[in-house]
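Colleague: Listed in order, the protein sequences are those of chains A and B.
All residue numbers in the first sequence are consecutive under this note's numbering, ending with 181.
All residue numbers in the second sequence are consecutive under this note's numbering, ending with 808.
Just to be clear, a hint being listed does not mean it is correct.
In silico DSSO-like pairs for lysine-lysine, Cα to Cα no more than 27 angstroms straight-line [claimed, not checked]:
#1 B:Lys655 x B:Lys592
#2 B:Lys729 x B:Lys788
#3 A:Lys86 x B:Lys729
#4 A:Lys70 x A:Lys86
#5 B:Lys612 x A:Lys86
#6 A:Lys86 x B:Lys655
#7 A:Lys70 x A:Lys164
#8 B:Lys612 x B:Lys592
#9 B:Lys729 x A:Lys70
#10 A:Lys70 x B:Lys612
#11 A:Lys86 x A:Lys164
#12 B:Lys229 x B:Lys288
#13 B:Lys592 x A:Lys164
#14 A:Lys164 x A:Lys108
These are calculated hints, taken from the structure and not from any lab test.
Computed from a predicted structure; not experimentally measured.
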Amino acid sequence: MSLLELQKNYFQLFDLSVGFALDQAQLGERYRQLQKELHPDRYASGTAHEQRLAVQYSALINEAYATLRKALPRALYLLELAGMSKEDISGQQIDGSFLMSQIDLREKLVSLDEVVDPETALEQLITDISGDVNQLHDQFSRAYSAGELAAAASACVKLQYLEKLLLEAEQLESRLIDSQT
Amino acid sequence: MALLHIAEPGQSPLPHQTKRAVGIDLGTTNSLVATVRGGRAAIVPDEKGVMMLPSVVNYTDTQMPLVGAGALALAAQHPADTLMSVKRFMGRGSRDAIRDAQRSHYKLAEGEEGLVRFLTSSGERSPVEVSADILRVLHQRALATLGGEIDGAVITVPAYFDEPQRQATKDAATLVGLRVLRLMNEPTAAAVAYGLDAAEQGVIAVYDLGGGTFDISILRLHQGVFEVLATGGDTALGGDDLDAALADWVLQQCESPSLAPGQFRQLQAAARSAKERLSDEVAVDLDLTGVLPSGGAIRVTRETFESLIKPLVKRTLSACRRCLRDAELDAGIDNIVMVGGSTRVPLVREAVAEFFQRPPLVGIDPDQVVALGAAIQADILVGNRPEGDLLLLDVIPLSLGIETMGGLVEKIVPRNTTIPVSRAQEFTTYKDGQTALAIHIVQGEREMVSDCRSLAHFELRGIPPMVAGAARIKVTFQVDADGLLNVSACEEITGAQTSVTIKPSFGLTDDEITSMLQASFSHADEDKLARQLAEQRLSGWQLLEGLKSALEADGEALLSADDREAITAPMGQLQALLEGEDADAIRTLTERLGRQSETFASRRMDKSIREALAGMSLDALDDEVMQ
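Produce the complete structure using the sequences and hints provided.
Modeller: Here is the structure:
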């Protein structure tokens, strides 16, 4: 058995059943257990070959952990396991109303500098987006469990839009805070 | 598996012999070396009992560089020959370095490849060579105190050091012949020094205001694993800047137009001393002897000093805020660890306590805490502690990316990704029959290539000729546990390996290292050959000892009698060679035996994985692989 074989399923690596809902505590515990055995630090006095292997294995475990830990990469990974390619996913039709609401949110974000109390407005905006994100997680979960891959993929694409927006909102928030200090 | 025992060449291994491991804090202002003895980490002092070695080297004497306090005493007299704060120049291009060089009154030579080189009376010196001279003194100190060859060292770097800065640090150690077990981030080292009790758990923030850099890291200790959640900072902000702010103010007060380099050094030293004394007193006299022709002194109150440094302290808090956000904590910080002499400044402590809403830990000397933590980690890595004691999982501080169309950066490994990490990216050709492809790797957070740090230009050659867009070249970027980058590439359709030519934008090429190594050997007092022999013997012994304990543990279980014989026979030969003087023969056999034992190493690694997975559905895993 070689660990590299295991990368066909990250869930098995952490002894988790394949699915969107996941036990974060167990994921973290298994992750630490695996790294305790395989991290290059454990082979710092070992031969060059052992050290190279340890770097590879440890990097794979890190990759698997990073993929499963957060909702969006986990969702995309589930679709990949189900046989969808990146092109299949990004090619999903997105309904017009979602795109309209995105344009709306983005306009709110760029015009925040002009409002009287930008912090409160921004905080509200971030709360709104986070609420939408949670709804989409539920949508994905339902569609994926029901085997409706196209609908699940469409939820992923929407999540990608929202996460990008959230990132920009948080960057703006940092700038606002920094400008006050 | 970690080696448990190693013996000096020529001696038989004793059962419980510990290995000699050191932690080195190669600081901007001061450097220290520490080791673990009798279960406790302690600084290794010089023969006079002095712990800190000022990171200052004087090159006025063409024969012997002078390192430490002696060099510092010559700073005013020979400013251009006395190199201080050289860490600020490590792995940096001369264009970035000009401002710092002017401030320090160094003369820079026009280095090739944009590398910084200082002009001194005894020739040009690179920051790597200067750092090597400092490391050499620490190495000697450790040799003398520990009574024998050092098996391995952990050298600390600011968490925010980018790839070339890390590589430069490792290069300096290579020049001295130190075996680097790991480059460790300074804040992580400080956290280890405080939080070794693996039973403890919680979230720790490390506020590290060093001489030349500011770092903030947030770590979580859980089940004996120290996980760095996020790290941030400012490579161009440090304790030196607090001194400089005070020095600038003094110049304004004195209406003194410009100072000669020697006077500037005097003022710098006077400002530092005033800063230190202001931690305990509310007002001090800053001595202007040697700064102004009239000499005298100027009164500085703590209030004045605090108003001067307030903007700098605020900058550090902004970095803390960003880092907290990056860490995505669900609860608050449990402890704050302070590192660096400038964290003794009361305003700094107050500001940090207010920001994190709890008083910082200051139980360990902030000047020593990094070296002590590094010594503990070195002790673990060298195999002196039982396994599973403590594991560190660190992150890459700055995003790695590649240049795409229009000078934009596409991120491949985002900052704060846990290392080691391996990411593959696919490229294709844009012309029919194209056989080569150029890739530019950068590090930084900005969107434009011109705003990021250029790491290297890679040229992929040997792509099989195909129509445009048909080739699929997979380039794998691997960042190891030291934060250093390796790149490999292959064409996926034909399986052809493309060769990667690396041209570092900064830093040293392998050829440069080799020639510098040779130069340093020829300058060294010891005979070059004797040194090479000693190094070959050491690596031969390391391999032998590693294999002995590996065979003892798993030889029966994992190898057939024939396979065992294929390893033990050359082991006997190597053992015999180690008694002799033939460095080349030792090297050849060490390399051959290393290759022969690779399969064994892989099997042992797989066994570790099985053990790690034990209790998990191992049968299911086996079934999976069997299919």
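Colleague: Hint by hint, note whether the structure agrees.
Modeller: Going through the hints against the structure:
1. B:Lys655 x B:Lys592: holds (16 angstroms)
2. B:Lys729 x B:Lys788: Judged against 27 angstroms, a Cα distance of about 17 angstroms means the pair holds.
3. A:Lys86 x B:Lys729: violated (49 angstroms)
4. A:Lys70 x A:Lys86: holds (18 angstroms)
5. B:Lys612 x A:Lys86: Since the Cα atoms of Lys612 of chain B and Lys86 of chain A sit roughly 25 angstroms apart, the hinted pair holds (cutoff 27 angstroms).
6. A:Lys86 x B:Lys655: holds (16 angstroms)
7. A:Lys70 x A:Lys164: holds (15 angstroms)
8. B:Lys612 x B:Lys592: Roughly 25 angstroms between the alpha carbons, so the hint for Lys612 of chain B and Lys592 of chain B holds.
9. B:Lys729 x A:Lys70: Violated: Lys729 of chain B and Lys70 of chain A sit about 43 angstroms apart, past 27 angstroms.
10. A:Lys70 x B:Lys612: Violated: Lys70 of chain A and Lys612 of chain B sit about 39 angstroms apart, past 27 angstroms.
11. A:Lys86 x A:Lys164: Given pair Lys86 of chain A, Lys164 of chain A holds - Cα atoms ~18 angstroms apart, limit 27 angstroms.
12. B:Lys229 x B:Lys288: violated (34 angstroms)
13. B:Lys592 x A:Lys164: holds (14 angstroms)
14. A:Lys164 x A:Lys108: Roughly 15 angstroms separates the two Cα atoms, so the pair holds.
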